[in-house]
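Sequences are here, hints too, so could you generate the full structure?
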Amino acid sequence: MNPYELTIAQATGQMAAGSLSSREWTQSCLERIEAIDDKIKAFLVVKPEQALLQADAADIIRARGDAEPLCGVPLSLKDLLCTKGTVTTCGSRMLENFIPPYDATVVEKLKEQGAVILGKVAMDEFAMGSSSENCAFRVPENPWKPGFVSGGSSGGSAASVAASECPASLGSDTGGSIRQPASLCGIVGMKPTYGLVSRYGLVAFASSLDQIGPLTRDVTDCALMMNAISGHDPKDSTSVNRQIPDFCTSLTKGLQGLRIGVPQEYFGEGLHPEVRAVVTRGIAVLREAGAAIIEVSLPRTDYCVAVYYLIATAEASSNLARYDGVSYGFRNLESQALMEMYKETRSQGFGAEVKRRILIGTYALSAGYYDAYYKKASQVRSLIVDDFQQAFDQCDVLISPVVPTPAWKIGEKADNPLAMYLSDVLTISANLAGIPAMSVPGGYSQQGLPIGIQLQGAHFREDLLFKVAYNLEQGLNLQPQWPGII
Amino acid sequence: MKITKEEVLKVAHLARLTLSEAELDSMTSHLDTILSYVIKLDELDTTGVQPITHAFAEANAFREDRVSTSLARAEALANGPCHNEEAFVVPKII
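If you read the sequences in order, they're chains B and U.
Residue numbers for the first sequence follow our numbering, beginning at 11 and rising by one.
Residue numbers for the second sequence follow our numbering, beginning at 503 and rising by one.
Calculated directly from the structure, the hints in this document are not laboratory data.
Ideal Cβ placement from N, Cα and C applies to all residues, glycine included.
List of simulated lysine-lysine pairs, DSS-like, C-alpha gap at most 30 Å:
hint	chain 1	residue 1	chain 2	residue 2
1	U	Lys512	U	Lys594
2	U	Lys512	B	Lys385
3	B	Lys385	B	Lys245
4	B	Lys419	B	Lys49
5	B	Lys245	B	Lys121
6	B	Lys57	B	Lys245
7	B	Lys423	U	Lys507
8	U	Lys542	U	Lys507
9	B	Lys49	B	Lys155
10	U	Lys542	U	Lys504
11	B	Lys94	B	Lys49
12	B	Lys155	B	Lys419
13	B	Lys57	B	Lys121
14	B	Lys423	U	Lys504
15	B	Lys423	U	Lys542
16	B	Lys94	B	Lys121
17	U	Lys512	B	Lys423
18	B	Lys57	B	Lys94
19	B	Lys385	U	Lys504
20	B	Lys57	B	Lys155
21	U	Lys542	B	Lys385
22	B	Lys385	U	Lys507
23	B	Lys423	B	Lys155
24	U	Lys542	U	Lys512
Part of the chain U face toward chain B, derived, beta carbon under 8 Å:
hint	residue
25	Ala514
26	Leu516
27	Met529
28	Tyr539
29	Leu543
30	Val551
31	Ile554
32	Thr555
33	Ala563
34	Gly582
35	Pro583
Not the full set, but computed from the structure, chain U residues with beta-carbon under 10 Å of chain B:
hint	residue
36	Glu525
37	His532
38	Ala578
39	Pro593
40	Ile595
The following block contains the structure:
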C-alpha cells in the first residue's frame with residue numbers, strides 16, 4: 011500500500027511503530043499531487059519545500075516522544091483560511107495576490123500539533139456556490155467521474171481527499187459547503203456547532219452561518235481532526251467557551267437507547283430514487299445496531315432556501331463591503347476619482363455569482379425592503395430553530411440525505427442560479443439553526459457516483475453524531491473506500 | 503416583475519458595482535427569479551415572532567481594554583495596492 015492511501019489513524023499508527031516517517035508520507039502525497047492534480051485540479055498552490063521541512067520537524071518531534079495526534083500529518087486547506095506568508099485567494103481575483111500577515115486560529119492549532127501543510131485548494135469564489143465552478147482560477151473535478159462536479163464550495167478540499175492526494179482537509183460550511191462536496195465525493199465531512207471552532211482568520215462570507223470543519227476519508231479521522239481544531243478562541247467573539255470532549259471516545263459499536271429521527275420533509279419530491287435507497291439502507295443499518303427509528307417533522311423545511319438566500323446574501327453584502335481596493339486586494343489603478351475606483355475595483359475583482367449575491371443582499375437590506383425581506387427571513391429563521399428544538403425533544407440524531415441527487419456534470423446548472431441554490435435544500439437548515447451536521451458515505455449510484463448520508467444533532471452533540479456515524483460506517487462497510495481509477 | 507432594471511442599477515450603486523448592459527440584463531432576470539421565489543415566506547404568519555440574528559443566544563464577549571502588540575506598519579501596508587510607506591494612497595477625494 012502506498013503511504014498516500016493511508017488514513018490518518020493508519021499512518022500515525024505506522025509512524026508511532028517506526029515503520030513510516032512523516033517525510034515518506036508527505037513525499038508520497040506530493041508525488042500523488044504531481045501525478046494526478048492536472049486531472050483533479052484541486053490545488054491552487056502546492057508548497058513542497060515548506061511541507062518537507064515541516065515533515066522533517068515533525069519526525070524529530072516524534073523521535074523525541076512528544077508527538078501530538080496530528081504530528082506529521084499532511085493536509086490541504088481550503089483557500090479561505092489565512093496562512094501567514096502563503097497567498098490566500100478565496101478563489102477570487104480580488105485576493106489573487108493577498109498574502110496574510112497571520113495564520114487563522116485553526117491553522118495555528120494544526121501547526122502546534124506538528125501537522126504538515128501541503129497547499130491550498132480550490133473553492134467557489136468567496137465560498138459562494140455549490141459546485142466550485144465559481145472558482146476564478148480552476149474548477150476541481152470529481153475524482154469518481156471526470157467532467158462531473160466535486161461539489162462546493164469546498165470542492166477542492168473534497169476532491170483532494172477523495173483522490174487521496176492528502177488524508178484530510180479543512181473546509182468551511184455556510185450552507186452545506188463541507189457536507190455537500192463530501193457527499194458528492196464519497197468522503198466524511200463535518201460542520202460543527204456554530205461557535206465550537208474559531209472563525210478567526212477565515213475569510214468571512216456570512217458570519218452568523220460560517221463554520222470551519224474537516225473533510226476526511228473516514229469517521230475516525232474526522233474525530234481526530236475535530237479534536238485538534240475545536241476550542242475557545244478569544245479572537246472570535248462568537249467562539250464558545252466550554253469543555254471539549256475527546257471525540258474519539260464516541261467511536262464505539264452499538265446504538266442501544268439512542269433515538270434516530272427521520273424528518274419526513276427531507277424525503278419529498280425531487281429526491282433521486284438512488285439517494286432515497288442509500289439513506290433507507292443507512293436507516294436499516296442503524297436499526298440493526300440497536301437504535302430506535304422514529305418519524306419526526308421539520309415543518310418549515312420548505313422555507314429554508316428562501317431564508318438562507320436572504321440572510322446569507324445580506325451578511326455577504328455587508329462583509330464584502332471591505333473589498334474597496336484601499337488596504338489589500340485588487341485595485342483598479344486607472345481610476346482618477348474615489349467613487350470610480352471603488353466601483354471599477356469591485357466590478358473587475360468580483361465574479362458574477364459574488365456580484366449577484368451582493369446585489370440580492372444589498373436589496374434585501376435597503377430602505378423600503380428591509381422588513382419584507384431581511385426581517386421576515388430572520389423571523390422565519392427563528393421558527394426553523396423552533397422546529398429543530400421540537401425534533402430534538404423526540405430524538406437524539408436526525409438522519410436524511412445530504413444532497414437530493416448524486417454529482418452532476420460541470421456546466422449543467424451554471425446558467426440557472428436558482429436550480430443551483432435548490433441543490434442546497436437539505437443542508438442549509440443546519441447552518442440557520444447552528445447545529446452540528448455531517449455527511450457520511452452511504453453508497454454509490456449505478457453510474458458509480460458516491461451518495462452521502464446526513465446526520466444532524468442538537469447543539470454541541472458532535473459526540474452523538476460521531477457515535478452514529480461510526481456505527482453507520484461499520485455497518486455499511488463500503489468497498490472501495492476511494493476511487494482507484496486514477 | 504419583482505424588480506426592474508432601474509432598481510437593479512440603484513442597488514448596484516449602493517453596492518458600489520457597475521454593470522455592463524449584458525450584465526444588467528442577466529442580473530435583472532436572475533434577481534427577478536430569486537425574489538419571486540423568496541416571496542414564498544409570505545405564506546408564513548410571523549406576527550409576534552422575534553427575528554433572530556444568531557441561532558442561539560450568547561452573551562456579549564468582552565475583554566479587558568489592554569494595549570497589546572498589533573501589526574507593524576510595514577506589515578499592514580504590505581498588501582496595499584498603493585501606498586507611500588506611511589499610508590495607503592487613494593485617488594483625490596475632494
